[in-house]
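There are 2 protein chains.
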Amino acid sequence: MQASVYLIPVTLGETSIEKVLPSHNREIILKTKYFIVENIRSARRFLKKTEASIDIDSLTFFELNKHTDANQIATYLDPIKNGFDVGIISEAGCPAVADPGAAIVEIAQKKNIPVVPLVGPSSILMSLMGSGFNGQSFAFQGYLPIEQSDRIRRIKQLEQRIYNEDQTQIFIETPYRNDKLLKDLVETCSPSTKLCVAVNITCEDEFIKTLPVKEWAKRTPDFGKKPCVFLIYK
Amino acid sequence: MQASVYLIPVTLGETSIEKVLPSHNREIILKTKYFIVENIRSARRFLKKTEASIDIDSLTFFELNKHTDANQIATYLDPIKNGFDVGIISEAGCPAVADPGAAIVEIAQKKNIPVVPLVGPSSILMSLMGSGFNGQSFAFQGYLPIEQSDRIRRIKQLEQRIYNEDQTQIFIETPYRNDKLLKDLVETCSPSTKLCVAVNITCEDEFIKTLPVKEWAKRTPDFGKKPCVFLIYK
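Protein chains in written order, with my numbering: chain A, 1 to 234; chain B, 1 to 234.
Keep in mind that the hints were calculated from the coordinates and are not lab data. Please note: incorrect hints may appear among the correct ones.
Remember, identical chains collapse to one label, so a pair may be satisfied in a single copy or spanning two.
Said to hold, decoys possible - Derived DSS-like pairs: lysine-lysine, alpha-carbon spacing no greater than 30 Å straight-line:
no.	residue 1	residue 2
1	Lys156	Lys19
2	Lys214	Lys49
3	Lys209	Lys33
4	Lys234	Lys156
5	Lys234	Lys31
6	Lys110	Lys218
7	Lys180	Lys33
8	Lys31	Lys214
9	Lys111	Lys225
10	Lys81	Lys183
11	Lys209	Lys183
12	Lys33	Lys19
13	Lys19	Lys183
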């Protein structure tokens, strides 16, 4: 069988492996010796969590983040030439979706190397499932602009799209700015536009709540530094 | 603990449970007695696959599809009042994403019933992971129009969006029209626009291939009646 690139999702937060990952993923991990990872320390921790007896020192890690040089990235797939599978592991959730990994997959596709995504938790997809919003048409927009006037303009643009295109709009924020984003949404969107906030998906304190913006305006929830996904729909 | 609505993903095609579903899902299924399902026969088959000894006759099924009356749908959550969890199971993959279920979740959110999405295979998310395309910004557009001129116009519009907004565009087609859609994409898109076709995700014959449209034009793959996801990006 030809060596492949596996996209290996990880748990979100302190959730157990059994809660969010199929046992098949463990089998793939245990036969893989080369890993391209967003952060070596947390990747090692995840592998130990998967199998306590794993021999970390027998594994090779390549680091992939915004500081990694493009020429270097291309060499990360060299083990494939010698018949070894390569796994991609990001910091949280599914590699290549709102996380690094796509640059490696792009190279693999160009080199005609099989790419195999594994199942795992995606806070984007799971928050959409739990929102009650349109799942036949949706868009993930990443982070909104930081600068206030740009951000307000962007929120208005996305809100228009839910009415004009019947499309759920999904976005995220750096946790320490969650409360600020909620405030901007409440002050910018129409009172009847619906907002879903999905907090700490798959974790003990998971919370997914959909309410009209006018109802959110009456509350002052404190999401602290918890990872949140924000969704708006009509 | 308050009774909840669980969104329970199922396998795609003939894949084994262990390959694509966490063992936690099995535990939730075995403690649930009420299921809202897209198709009773295939839901029963999935439950039997999860646990061969399951007593199907002790379970209650409510059918949810395009023929279901809206008033009837609201009654499907009545078991919650009596402290019983309710599970939602669609035909393939994740409920409420490109599948029924969102209408029920919407009602649950309004009634302040906790909604808990479980992890499972999503051909949309997995094809995005395997495409090498932008995972920081992407949109799922559902089905394109059937009528040729509308469809061509829509393809042009989506192609513009990948260049103007740097957003991956994802769509699906009824399997028997896959080959026709591929032909329309090849004839409509710029030769350098990249197209990824993801066939039978998670199944034995899974195939995820990204190529510029001009390369697809030289091939005449026959996807037959296999489920495909189509993605375009620059």
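- Which of the numbered hints are not met once you compare them with the structure shown? When the structure is compared with the hints, numbers 1, 2, 5, 7, 8, 10 and 13 turn out to be violated.
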